[in-house]
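Engineer: As a plain string of letters, each chain reads:
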Amino acid sequence: MEENITKEKILDLAKIAKLSIEEKDLEKITQNMKNIINFAIQVSEAKISEKPCAYVLEKTKGRLRQDIVCPSFPQEEILSGACESENGFFKIKNQKF
Amino acid sequence: MNYELICGLETHIELATDTKIFCSCRPKFGAEPNTTCCPVCVGMPGTLPVLNEKVIKYAIMMGLAFGCEINLNSIMERKNYVYPDLPKAYQISQNSAPICIGGEVVLPNNRKIRIHHIHIEEDAGKIINKNGSIFVDYNRGGTPLIEIVSEPDIRSPEEAKEYIEKLQQTAKYLKISDGRMQEGSLRCDVNVSVRKIGDENFGTRVEIKNMNSITFIVNAIDYEFKRQVEILAEGKKIAQETRRYEEKLNQTQGMREKENVTNYRYFAEPDIRKVNLNKEFVEGIQRELPELPDLRIKRYKTLGISSKSAELIARYVRISDFLDETLKKCKNPNIAANFIIGTIFSHLNTEADKEEFKIPLNSNEFCYLIDLISKNEIDQNNAKQILIKSLEKKGSLKQLCDEFTKIKIDFDISSICEEAMSLNKQAILDYKNGTEKAFQAILGTVMKLTHGKANAEEAKKIVQEKIKNDKIFI
Amino acid sequence: MKSHRSIILKIHELLETKKISCVELIKKYLDEIKKNKFNAYITVTENEALNSAALVDKKISSGQEIKLLEGIPVSLKDVISTKGIRTTCGSRMLENYVPIYNATCWEILKNNGAILLGKNNQDEFAMGASNETSFFGPVKNPYDITKVPGGSTGGGAASVVGGLAAFSIGTDTGGSLRQPASFCGIVGLKPSYGSVSRYGIIPMASSFDQAGPLTLTVKDASIVYDAISKFDEKDSSSNSQARNLTYDSLDKDISGIRIGIPKEFMNGMNSEIISSIKNVIKTYENLGAKIDYFSLPEVKYAMSIYYVLMCAEASSNLGRFDGIRYGFRPKNYNNVEDLIIRSRSEGFGDEVKRRILLGTYILSSSYTNNFYKKAQELREFLTCAFASVFEEFDIILLPTTPTTAFGFDYAEDDPIKMYLADVCTVTANEIKIPAISIPCGFDKQNLPIGVQLFAPRFREDILLNAAYKYESENFCVKIVDGVNNLY
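Residue numbers (the working numbering), protein chains in the order written: chain Y, 1 to 97; chain A, 1 to 474; chain C, 1 to 487.
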């Protein structure tokens, strides 16, 4: 089974993923992605009809934690990697949002 | 008008747990920005979420209160989208297997609004737009929310109001949230469409997001209904869009941003997956569920409490609990209810006060007072005064009662009345000549002589009797 | 080292008997690291290391006993968060990122007295099998610097075999510990999913990642595994049951052990590797093991399952890198959208972008063709299928890699060729079982060959026992450079 991957599709995906692709790279990336996507989706060819066994169904459920407070981190540490900060807030220039 | 309103609400309620949903930070309304955060809730690389058991418990409580089915195979999922207030670029939420399914909210007129489902999720941070920049505060990020999604069964703005109030009251009752809309603890996304009465299909739906005032919600629904009807009447089509409510103009407005149908790419949260639930856990929660208002009102009415009083008392879970505690020990529901509605409610001025119900007396003391009234050892008036005094912390209730009854034992009401009469000879003459209020002067003196302790009813009877039989003062 | 079968024990003895001071030892390592022959390190923590070493010496000179891991020089893959120390994931995106907290597995080692020499170079965000996608340049294989060390934990493997650390901690999502171990002729252990805490490990694929040791010997792997395999309440996937520790049962007699060889992984492989594996099989037979072959045709979907699920999870995990709270941001930007897009487009390398696109494709097409769901079902199927296999066998034996270390630009313009380097290793991550690669020989070019063992989930004790017994018969590891004359 082959998926038809077009340049438009790649640009769509890039938009969702917040990536920009330059025009000059688009052809190559589209070709690469077409191969990779078709490589990956071979799963769809598999035919299995068995239900998962007890072993899998028993698998660990997410653990629950008690509602007990621990101290939060200091503001300076939280902001330590910030692009820009002001008065304790993360600040981002935004001329057109 | 031959159109009907089709309205559904998605209500977000902030849960009043001690810690956030996936980390152990304590959420605090109004804290300095980015001071109630940790690497987990700010989404720092490498951090992992661990689910707060109380969040599950509270969600299940809400679900059970409305008759929902609890999904023992509930899973957490990632809702992927990009926005600066969402630090992980995904919100851990639920989609395909929410924790509560079905159920219904019964409105005061017995109309039923069906619930589609209830799911749990984390809240995002807050963004402030100012001077060409955005400022982000992640304090609110990670606060646990339940989202209650209704079916589009609401048919009037009034019903929307009642529906929200019911959710709010129940959440407060169960003590899972303070339900304060102004503080953002409860907010709604409103979905409105219209259709010709008799039509079976739904019209195009418009969404009005993030509303945190019942008044505005009612207004918005009203405006939106009229707007849509007008459009359809002109033969045009309703655009499926998200609108915002503009308070000053009392209108809904289209948002300038293009409406993007976001593909959220939901998938099971690999760091958590299945929520750890079993039947015994849910049954335990069911057993501990407090009796809800509707049932309490019914019960109070069978005890002879008036409908109105029952509703008023049942509105506040702590006051209702107080009444129940009292009635365990003394047998006069009506007196208890009346004092609560009357004196205690007056003392607890605001809604917040009534909800918090912090009074300096307990049910034992209250019961003591009521018993004395039942046995006629105190009249209602004096009892009221005693209660007021104790509420104002001018003495413990029991002490005040004892003082009162003690003084009563120490004086002989009959001789006090005679004394009062002898001090008010002119008043007696006036009264006999027809001036009714002259009588009050005599009673006034009786009260003065007994430091207010006399039983006014009793004194009145005695004085009248004496005047009738009076030969001396003619 | 051969006598101890452990460099950790050897160093421990040298320190305790004061044959060398900790500071001297660490200085030796730091001097070798400075030569930077293999580009194995991104950050070297010289001052911290020397200060820690001084404390160890103080302890020794005051007559106090030191723990087994105390004073042992370790390097960490740069996805492991180290508080106050730059953690880059081999990416421009995190070139200057300094975490404000420690990963649990590092915290444990730190509390045990291990000394951090620095953070290892790696494929960017652990995406790669050759350590060529790193923003900080490729790593060279110390056996042959024209060859790759494998990836994504290339820097870690090179450090260990190149005498630049006594052991290293890396991560394995589809083979990233075992494949470099195989290419570099050392031991690489991927513990069972849930054994070692993932808290603080910058994730690629959350349901596959595991941290584990890269060591010279099986005994070293055992010592480190036993130390770091602890329940962590900060990790929901952390196994809360008692662990099967490995050290005491290393030398247990394995006669009668049932070893299964999957036919599918012995076909179409490099002939030198196959012949090497066959020698391993003979060795196990001599040790009394019962060998048999089995077939599981569905393993042909293993790569496909891996790429669907791993990329889906990775694309979501990498969403948070937008330049706002941390990470790379362009010098000038106009608005939020601009910042986010440029931060990601300029901060991420090509392989990362490809996997994000694939993951986005998988997740956004779940309404039409549900590849994700299909891959999940297949994953569950494989898990069950192997559970049945493990009823017949105690250990599964197969090659680690289809080739020995290849040259740079091996995959040139063909990413899929690189992906296939993991064909023998991904299954273990998918079904969450423990797996180890141990050196078993060399090819004609004198490049190392590794053999891989699988055991049932949480049975690292059986796994390391089997590995240790083989190593006893064929101890073929050596430190080819760096600090290699102390042992």
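Mixed in with the good hints there might be a few duds.
The calculated DSSO-like cross-link candidates involving lysine-lysine, where the alpha carbons are at most 27 Å apart (straight line), are [unchecked claim]:
#  : chain 1 : residue 1 : chain 2 : residue 2
1  : A       : 331       : A       : 398
2  : A       : 79        : C       : 18
3  : C       : 2         : C       : 18
4  : Y       : 51        : A       : 130
5  : Y       : 15        : A       : 126
6  : C       : 234       : C       : 263
7  : A       : 79        : A       : 112
8  : Y       : 91        : A       : 308
9  : Y       : 18        : C       : 373
10 : A       : 375       : Y       : 51
11 : C       : 263       : A       : 79
12 : Y       : 93        : A       : 358
13 : C       : 230       : C       : 110
14 : C       : 59        : Y       : 91
15 : A       : 398       : Y       : 93
16 : A       : 161       : A       : 279
17 : A       : 28        : A       : 112
18 : A       : 161       : A       : 130
19 : A       : 329       : A       : 358
20 : A       : 130       : C       : 18
21 : A       : 209       : Y       : 15
22 : C       : 300       : Y       : 34
23 : A       : 329       : A       : 448
24 : C       : 263       : C       : 282
25 : A       : 425       : A       : 448
26 : C       : 83        : Y       : 24
Since the hints were derived computationally from the structure, they do not count as laboratory data.
Engineer: Now, for every hint given, state plainly whether the structure supports it.
Structural biologist: A quick look at each hint next to the structure:
1. With a CA separation close to 18 Å, the supplied pair residue 331 of chain A and residue 398 of chain A stays within the 27 Å bound.
2. A C-alpha spacing of about 58 Å is found between residue 79 of chain A and residue 18 of chain C, which places the hinted pair above 27 Å, so the restraint is violated.
3. Restraint check for residue 2 of chain C and residue 18 of chain C: the C-alpha separation of about 20 Å stays at or below 27 Å, so the hint holds.
4. For the given pair, residue 51 of chain Y sits about 56 Å from residue 130 of chain A by alpha-carbon distance, which is inconsistent with the 27 Å threshold.
5. Proximity of residue 15 of chain Y to residue 126 of chain A is assessed by CA-CA distance (about 24 Å); at most 27 Å being required, the pair is judged to hold.
6. Proposed proximity of residue 234 of chain C and residue 263 of chain C is contradicted: the alpha carbons are some 40 Å apart, above 27 Å.
7. A distance of roughly 31 Å separates the Cα atoms of residue 79 of chain A and residue 112 of chain A; the hinted pair therefore is violated under the 27 Å criterion.
8. Only pairs whose Cα atoms come within 27 Å are accepted, and residue 91 of chain Y paired with residue 308 of chain A is rejected, the gap being roughly 53 Å.
9. Using a Cα cut-off of 27 Å, the hinted pair residue 18 of chain Y and residue 373 of chain C holds, with the two alpha carbons roughly 25 Å apart.
10. With a C-alpha separation of about 74 Å, the suggested pair residue 375 of chain A and residue 51 of chain Y falls outside the 27 Å cut-off, and the hint is violated.
11. Simply put, residue 263 of chain C and residue 79 of chain A have alpha-carbon atoms about 41 Å apart, too far for the 27 Å limit, and the pair is violated.
12. Between the alpha carbons of residue 93 of chain Y and residue 358 of chain A the distance comes to roughly 48 Å, so the proposed pair goes past 27 Å and is violated.
13. The straight-line distance between the Cα atoms of residue 230 of chain C and residue 110 of chain C is roughly 14 Å, inside the 27 Å bound, and the hint therefore holds.
14. Of the pairs offered as hints, the one joining residue 59 of chain C and residue 91 of chain Y is violated, with about 48 Å between alpha carbons and a cut-off of 27 Å exceeded.
15. Annotation: proposed proximity of residue 398 of chain A to residue 93 of chain Y is violated, straight-line Cα distance about 66 Å (limit 27 Å).
16. In summary, the hint linking residue 161 of chain A to residue 279 of chain A is not supported, as the alpha carbons are separated by about 35 Å, beyond the 27 Å threshold.
17. Distance hint between residue 28 of chain A and residue 112 of chain A is unfulfilled; the C-alpha atoms sit about 36 Å from each other, more than 27 Å.
18. At most 27 Å may separate the alpha-carbon atoms for a hinted pair to count; residue 161 of chain A and residue 130 of chain A exceed this at roughly 33 Å.
19. With a CA separation close to 21 Å, the supplied pair residue 329 of chain A and residue 358 of chain A stays within the 27 Å bound.
20. The suggested pairing of residue 130 of chain A with residue 18 of chain C is violated, with an alpha-carbon distance near 64 Å, which exceeds 27 Å.
21. The hinted pair formed by residue 209 of chain A and residue 15 of chain Y meets the criterion: a straight-line CA distance of about 25 Å does not exceed 27 Å.
22. Using a Cα cut-off of 27 Å, the hinted pair residue 300 of chain C and residue 34 of chain Y holds, with the two alpha carbons roughly 20 Å apart.
23. For the hint pairing residue 329 of chain A with residue 448 of chain A, the CA-to-CA distance comes to about 34 Å; that exceeds 27 Å, so the pair is violated.
24. The straight-line distance between the Cα atoms of residue 263 of chain C and residue 282 of chain C is roughly 17 Å, inside the 27 Å bound, and the hint therefore holds.
25. A distance of roughly 17 Å separates the Cα atoms of residue 425 of chain A and residue 448 of chain A; the hinted pair therefore holds under the 27 Å criterion.
26. Restraint check for residue 83 of chain C and residue 24 of chain Y: not satisfied, since their Cα atoms lie roughly 41 Å apart, outside the 27 Å limit.
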